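Trainee: Under the numbering used here, the sequence shown has 19 at position 19, and the numbering climbs by one with no breaks.
Derived by calculation from the structure, the hints in this document are not laboratory data. Bear in mind the structure is a predicted one, so any value in this text is a computation, not a measurement. Any given hint could be a false lead.
Ranges between beta-carbon positions, derived for each pair [what the hints assert, rightly or not]:
(1) 62 with 8: 22 to 32 angstroms
(2) 8 with 61: 41 to 51 angstroms
(3) 65 with 34: 49 to 59 angstroms
(4) 12 with 59: 35 to 45 angstroms
(5) 39 with 62: 11 to 21 angstroms
Quick reminder that beta carbons are idealized off the backbone N, C-alpha and C, glycines included.
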Amino acid sequence: MTKSLLERTKKVWEEKRLPYRLKHRWGELGVLPNCLIVGAQKAGTTSLYEHLIRHPDVWPPDCREINFG
1 MTKSLLERTK
11 KVWEEKRLPY
21 RLKHRWGELG
31 VLPNCLIVGA
41 QKAGTTSLYE
51 HLIRHPDVWP
61 PDCREINFG
């Protein structure tokens, strides 16, 4: 019974920790980005982003601008 409870708890924890869309895209462990593009305003980063996401092997992030603060 304890094992069953632990398995259910782990399943709930994993579902909360890694949303379904992440599991669906990247598997159970997730994936770190292979590339992070940093640029100043008006430096052409939007154009570069739009060209990159047209490639079938590029998975764009859910939000373009990442805030680490």
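Trainee: Can you let me know if the beta-carbon spacing of residue 62 and residue 8 is within 22 to 32 angstroms?
Mentor: With Cβ atoms ~28 angstroms apart, the hint holds.
Trainee: When you take the CB atoms of residue 12 and residue 59, is the distance between them in 35 to 45 angstroms?
Mentor: For residue 59 against residue 12, whose Cβ atoms are near 27 angstroms apart, the range 35 to 45 angstroms is violated.
Trainee: With 41 to 51 angstroms as the target window, see if residue 8 and residue 61 comply at their CB atoms.
Mentor: About 32 angstroms separates the Cβ atoms of residue 8 and residue 61, which means 41 to 51 angstroms is violated.
Trainee: Within 11 to 21 angstroms or not, the Cβ separation of residue 39 and residue 62?
Mentor: holds (19 angstroms)
Trainee: Go ahead and decide if the range 49 to 59 angstroms is satisfied by the Cβ distance of residue 65 to residue 34.
Mentor: violated (18 angstroms)
Hints 2, 3 and 4, counting from the list given before, are not met by this structure.
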